[in-house]
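Use the sequences and the hints to build the structure in full.
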Amino acid sequence: MTVMAVPDSAMTASPKSAAIAVQDLVVAYQPGKPVLKGISLEIADSSVTAIIGPSGTGKSTLIRSINRLVTPTSGSILFDGQDLAKLRGAELRAARRKIGMVFQEYNLVERLSVMENVLTGRLGVTPVWRVWLRKFPREDIARAFDLLAQVGLDGYATQRADALSGGQRQRVGIARALMQDPRLLLADEPTSSLDPKTSVEIMELMTGLARARSVPLIVNMHQVDLARRFADRIVGMADGQIIFDGPPDALATEHLQQIYGGEGWLT
Amino acid sequence: MANVSSASGPRDLRAAGLSMSWTARIGWLLLVAYVLYATSILDFSFDRFVVGLENAADLIGRMFPPLFSRADLRDLMYRGLMESLQIAVLSSAFGIILSLPVGVLAARNLMPGWVTWPARGLIMLCRSFHPIIVAILFVKGVGFGALAGILALIVASIGFIAKLFAEAIEEISLKQVEAVRASGANFMNVLIFAVLPQVNARFIGFATYQLDSNLRNSTMVGIVGGGGIGGTLLSAFGRFDYDYVCAILIAIIAMIMVGELISQRLRALFL
Chain A
10 MTVMAVPDSA MTASPKSAAI AVQDLVVAYQ PGKPVLKGIS LEIADSSVTA IIGPSGTGKS
70 TLIRSINRLV TPTSGSILFD GQDLAKLRGA ELRAARRKIG MVFQEYNLVE RLSVMENVLT
130 GRLGVTPVWR VWLRKFPRED IARAFDLLAQ VGLDGYATQR ADALSGGQRQ RVGIARALMQ
190 DPRLLLADEP TSSLDPKTSV EIMELMTGLA RARSVPLIVN MHQVDLARRF ADRIVGMADG
250 QIIFDGPPDA LATEHLQQIY GGEGWLT
Chain B
2 MANVSSASGP RDLRAAGLSM SWTARIGWLL LVAYVLYATS ILDFSFDRFV VGLENAADLI
62 GRMFPPLFSR ADLRDLMYRG LMESLQIAVL SSAFGIILSL PVGVLAARNL MPGWVTWPAR
122 GLIMLCRSFH PIIVAILFVK GVGFGALAGI LALIVASIGF IAKLFAEAIE EISLKQVEAV
182 RASGANFMNV LIFAVLPQVN ARFIGFATYQ LDSNLRNSTM VGIVGGGGIG GTLLSAFGRF
242 DYDYVCAILI AIIAMIMVGE LISQRLRALF L
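From first to last, the protein sequence lines stand for chains A and B. Residue 10 is where the first sequence starts when you use this note's numbering, and the numbers rise one by one after that. Residue 2 is where the second sequence starts when you use this note's numbering, and the numbers rise one by one after that.
Errors might be hidden in some of the hints.
[As the list claims (entries may be wrong)] Think about it this way: if two alpha-carbon atoms lie no more than 30 angstroms apart in a straight line, the pair counts; the simulated DSS-like pairs of lysine-lysine are:
1) LYS46(A) with LYS144(A)
2) LYS107(A) with LYS95(A)
3) LYS42(A) with LYS141(B)
4) LYS141(B) with LYS164(B)
5) LYS176(B) with LYS144(A)
6) LYS176(B) with LYS95(A)
7) LYS46(A) with LYS164(B)
8) LYS95(A) with LYS42(A)
9) LYS176(B) with LYS164(B)
10) LYS206(A) with LYS176(B)
11) LYS95(A) with LYS46(A)
12) LYS107(A) with LYS176(B)
[Said to hold, decoys possible] Derived list of chain A stretches under chain B, where covered just means 3 residues or more per stretch with a C-beta under 8 angstroms from a C-beta of chain B:
13) 111-117
14) 120-130
15) 136-145
In short, the hints are calculated from the structure, not lab data. Where is the CB? At the ideal position from N, CA and C, for every residue including glycine.
Right, dumping it as structure tokens:
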């Protein structure tokens with residue numbers, strides 16, 4: 010059982026089948042102190058990739074560089090024929106429309122209704138006057154209702170987002186991301202604010218919907234057991250670098266020791 | 002301050018942060034000294050206060066009964082009040098509309114520094130003078146009448162609403178904004194869907210408060226020629242028609258009370 014530990018070399022094989030290819034990504038919030046130290050990663054079409062690793066190791070930074078909530082210092086992120094790392098302005102917004110994102114703290118607009126929050130997924134293509142007057146096209150509204158049903162929130166459309174429970178909010182977050190009809194789904198610790206049972210339900214829902222649409226999903230998480238259970242592939246990060254990359258079965262105790270350090274917690 | 006840790010007895014009070022610092026003591030002493038000095042300079046004596054009380058009693062005596070009976074004066078008063086009301090409503094409407102963009106431009110969490118500084122400068126300029134001084138400037142500029150009063154109160158409205166609005170925007174949750182930005186929305190759509198919902202309630206609060214405030218100030222700009230009931234009031238004072246003055250004051254109080262009632266309703270309507 011040999012799982013590759015150094016990503017850079019082996020990763021140039023087949024760029025054609027990859028939905029997204031990260032190459033030598035470096036992110037430094039302060040000069041000289043990189044959070045990501047040259048990450049290279051290819052994500053295949055229609056797969057669930059879980060990124061695990063200790064807090065502060067750059068998992069969120071990696072995910073957030075992809076839709077450019079974080080600006081990379083160097084390196085490239087190839088997606089749909091473009092280098093996301095170099096996009097600006099209108100081109101960047103156009104690329105973001107193709108990438109849905111689910112957040113740890115849901116990040117719903119609390120004072121808007123569930124329906125409005127789901128329709129946020131269409132803001133990228135809806136003219137300002139329609140947004141201002143809430144005159145969304147009928148087919149968008151129909152799709153939003155449909156998505157709400159798919160995430161199990163039938164009948165919640167008119168509720169205000171701050172009236173929902175954590176699990177329900179994350180369901181709205183998933184519907185919002187899918188409303189974009191994304192070509193790639195990102196999830197930044199989507200279950201870290203939820204209880205264990207709800208976490209499983211949310212992971213089940215999200216991976217199920219992503220697989221049904223053949224949309225690749227990259228999800229950051231803390232819970233190794235959830236990652237094993239739901240992901241096709243696990244990427245282990247420590248100290249700004251990828252130190253494990255392989256299927257869940259290949260993730261052994263020694264890898265977890267490498268990723269998280271120490272061993273007392275593993276017993 | 003010497004070695005506090007080794008001190009004992011009374012010094013422990015200071016170590017515990019309970020006694021007043023020397024700088025604060027000196028500050029209070031200076032304040033008391035200045036008040037005494039200013040009182041002596043300004044001829045602020047008890048005798049004058051007593052004489053003043055007598056004058057005031059005389060004035061109030063001549064105010065009653067208030068003069069509501071003369072039709073021509075009543076008509077004059079009515080026109081003045083209506084003009085004040087119009088000044089208040091128009092200046093509030095324009096002030097609120099202009100405050101929205103100015104407030105957004107001044108919010109430091111949404112805009113880069115080269116945008117916020119001019120916007121904040123404009124707000125500071127609007128705030129630095131009392132409406133009366135601004136009204137005097139506008140009366141000199143555009144001449145006597147309601148227009149000067151309206152312009153003066155627009156300036157006051159921008160100064161108040163835009164400042165508080167910008168501060169409200171600076172306190173919003175950026176996580177919500179980030180999620181909307183991540184969907185690929187342009188700036189205006191982010192503003193409409195992520196920023197405004199978070200500050201909407203407070204903006205309406207500021208706006209209705211300013212409407213009240215403008216209503217009060219609209220009765221005053223007339224004193225310097227800015228239109229409205231203030232001019233009528235001033236000339237009644239000048240002619241020593243204290244009973245008519247009293248009638249005007251009562252009418253103003255009634256208008257302010259009705260105005261507050263209406264702005265409360267407005268707030269309930271929009272929230």
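We went through each hint and held it up to the structure:
1. LYS46(A) with LYS144(A): This hinted pair is violated, its Cα atoms lying about 46 angstroms apart.
2. LYS107(A) with LYS95(A): Judged against 30 angstroms, a Cα distance of about 16 angstroms means the pair holds.
3. LYS42(A) with LYS141(B): With Cα atoms ~61 angstroms apart, LYS42(A) and LYS141(B) exceed 30 angstroms; violated.
4. LYS141(B) with LYS164(B): 27 angstroms, holds
5. LYS176(B) with LYS144(A): 25 angstroms, holds
6. LYS176(B) with LYS95(A): Holds. LYS176(B) to LYS95(A) sits at ~24 angstroms (cutoff 30 angstroms).
7. LYS46(A) with LYS164(B): 43 angstroms, violated
8. LYS95(A) with LYS42(A): Status holds; Cα separation ~21 angstroms.
9. LYS176(B) with LYS164(B): 23 angstroms, holds
10. LYS206(A) with LYS176(B): 25 angstroms, holds
11. LYS95(A) with LYS46(A): 18 angstroms, holds
12. LYS107(A) with LYS176(B): 20 angstroms, holds
13. 111-117: holds (count 4)
14. 120-130: holds (count 5)
15. 136-145: holds (count 3)
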